[in-house]
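*Asks:* Turn these sequences into a full structure, and let the hints steer you where they fit.
Residue numbers (my numbering), protein chains in the order written: chain A, 74 to 498; chain B, 74 to 498.
If you are wondering where the hints come from, they were derived from the structure by calculation, not from laboratory data.
Interface residues of chain B toward chain A, partial, derived using beta-carbon atoms under 7 Å:
| # | residue |
| --- | --- |
| 1 | Ala125 |
| 2 | Arg133 |
| 3 | Thr143 |
| 4 | Arg482 |
| 5 | Ile483 |
No farther apart than 25 Å at their CA atoms in a straight line, the calculated lysine-lysine pairs in the DSS-like style are these:
| # | chain 1 | residue 1 | chain 2 | residue 2 |
| --- | --- | --- | --- | --- |
| 6 | B | Lys418 | B | Lys437 |
| 7 | B | Lys418 | B | Lys439 |
| 8 | A | Lys418 | A | Lys383 |
| 9 | B | Lys223 | A | Lys160 |
| 10 | A | Lys223 | B | Lys160 |
| 11 | A | Lys437 | A | Lys418 |
We put the beta carbon where it would ideally sit given N, CA and C, even for glycine.
Number of protein chains: 2
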Amino acid sequence: MTHIVILGCGFGGLAAARELASSDVQITLIDRSNHHLFQPLLYQVATAGLSAPAIAAPIRHILARQRNLTTLLGSVSDIDPVTRLVKLSDGSGIGYDYLIVATGSTHSYFGHDEWAELAPGLKTLSDAFEIRRRVLMSFEHAERETDPDKRAAWLTFSVIGAGATGVEMAGTLAEIARHTLRGEFRRIDSRDARVVLMEGSDRVLPPYPPDLSEKARLQLERLGVEVRTSCRVTGIDREGVTFTTAEGEQRLPSKTVIWSAGVAASPLGSALGAPLDRAGRVEVEPDLSIPGHPEIFVIGDLAAVTSDGKPVPGVSPAAKQMGRTAAHNIMRHIKGGTPEVFKYKDYGSLATIGRRSAVAQVGKFKFSGFPAWLFWLFVHIYFLIGFRSRLMVLTDWAWAYFSFQRSARIVVVPEEEPAKQKAET
Amino acid sequence: MTHIVILGCGFGGLAAARELASSDVQITLIDRSNHHLFQPLLYQVATAGLSAPAIAAPIRHILARQRNLTTLLGSVSDIDPVTRLVKLSDGSGIGYDYLIVATGSTHSYFGHDEWAELAPGLKTLSDAFEIRRRVLMSFEHAERETDPDKRAAWLTFSVIGAGATGVEMAGTLAEIARHTLRGEFRRIDSRDARVVLMEGSDRVLPPYPPDLSEKARLQLERLGVEVRTSCRVTGIDREGVTFTTAEGEQRLPSKTVIWSAGVAASPLGSALGAPLDRAGRVEVEPDLSIPGHPEIFVIGDLAAVTSDGKPVPGVSPAAKQMGRTAAHNIMRHIKGGTPEVFKYKDYGSLATIGRRSAVAQVGKFKFSGFPAWLFWLFVHIYFLIGFRSRLMVLTDWAWAYFSFQRSARIVVVPEEEPAKQKAET
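*Replies:* Given below as structure tokens:
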């Protein structure tokens, strides 16, 4: 029977797998983690608003009833398009008739890889836990710090990159400082915390229409976020951030820096021997296969594809649509038909900024503030996988909304000494 | 103003802090972690039934309204009873007029410290996450393993020590194999998993009345747990467990081993220069102070104390009661009164075994099975801190009860390569 291997169980891989549920094929789905992650809400885990199970579902459980599919937890080290073999890091190999590569993207530090540990990005649950730890620990350090300058540095949070994730992080951090932690410290006032959002281009949410960007900036500033546009980061170290603006080079003492600027495609793309764009994404054919290999498809953030002459953005709806197209084209190829050309259906853009504020564009409709926030809320609840997690998220949010509290403020390893910690607490 | 320092925010430390809420003293509460942990339900986190925030509450948040208390997140490296100074690992020192040491206990491997990484114990949230990871990953390895013997070893779970925690772990693991994971694998049947509970003494739950121990054994076996009593573990390695019984030395191939046998007092006890018992617990005076130091009190698992001639067990009610007594005795000492002698009020013992089964002794009443389980459920919900976590736990349990699903089956770092994982999923 035809064997289809899918690499990665993000939005794209999962959509492809489900689209093939009733087809007479054998599917092997390989992912490095045991869960499908609802990335649009990952920033909520990073900011202690949600706990991991609310936005992550075990892949095996999601697909338990799909009998033609086998889930494999493993990491792919290489792909050989000639012998049609996927190699796992444990040395084993898995042959395929058709391959769908959906391993997504990771952070790009624009050649400054040394910034990675100084300014973590937000892609996986472990990223989120690390950012949560750093944010909450910064307030703890500030409480213990007696030197006013050092204390200020602990209480300054820099978010680099004002795309959707950056805007959501900055807004939520301001909320935490102003409301969540208020009154819990004795030597500092958490409301003294500064949240600085830096963006290289001349406005926040660059892909959005300028008027929505302006609305977003106003809502951020109302929350207490300092927005710095046309601001190029030139250096990051343990003590803070160096950047240049129209006023020239400046320095911001900041102990906590979060990276939401660059995105680079998964390294697996290069294993395919297909042409890559500057971001390392695979330049696929209009049918999402790669040149010379009608049996290999690349989808999601890893694929560089245009629709109606416009580049398709790296968002979850696009990944899902590509997953379905790839699945269709495999079945067409099996049946000897001609492949369909991928057409991206743009449902609009949606970003939340914080408590009761968001911006949205749906078709030609643009709106912001509370209605946009309600819309954002329902869309995200709706697309969450599993009734249970919808329930969890709704109750968590209702609670957070009325109590200003955040439920997941647990840091497992405050100091980098897990062993000793186990011994003493 | 009188300065009272409390080390550790477990049940004992928290109870002491709260008891002093309305007293005219300054309190500094130091803990290595930012949360108070409801340890009786920690096994639920280890078995993916609950997520961390359900059983852990931020210390700052719990005590935010107690104005005479300052929370400090830090690790204590030493105590100097002479100069009355507590030294933190960051080099700073904190003076005190009165000191309450409540740093609890850790695992003891009876001199086999090399067993620690082979058979993790269950004391902290990081322990729980590690055990969860190992359990869930074992099924993943079994799914990938082709050699039947190796596969069997991956599907064999050993729990060493049949105290309350061991019994709860074993019962829940059997439940996971039989119900939760059922039908989610293609090459293995999760129900083939073996759960072996080993106990050195001649019955499970040794501190309980023999007839309840017998009931517990029967309920465990009904759940599919293999109970081995009078069984002494002589060796643990990556492949399994070696143990001796009446039949002599035997070998159990088992890739997952969980340690719930020995308990050792926190190393801080020795810093006080007071007499220690064999388990390293501080032998305190009847008023819980240490010999020659009426200003230093030791409470909870770290204290070796007798009440009515009987040793006080290391359970949370005892810790809470000691916390209150220590607080009272400090205030009496300040006012120049005579200290009160600690009397342990035993409310009984309660252990759950799994779905709808438990054993309980309250005063002279003994019961087991469903009623005991209901009782266990309500007691634990009742003592959980915060209305919200009660709500979370109730809904999680209701869900688990009816769906047989467990909500927290998320493994953040399946392989020991977080970096690569970030890159590829």
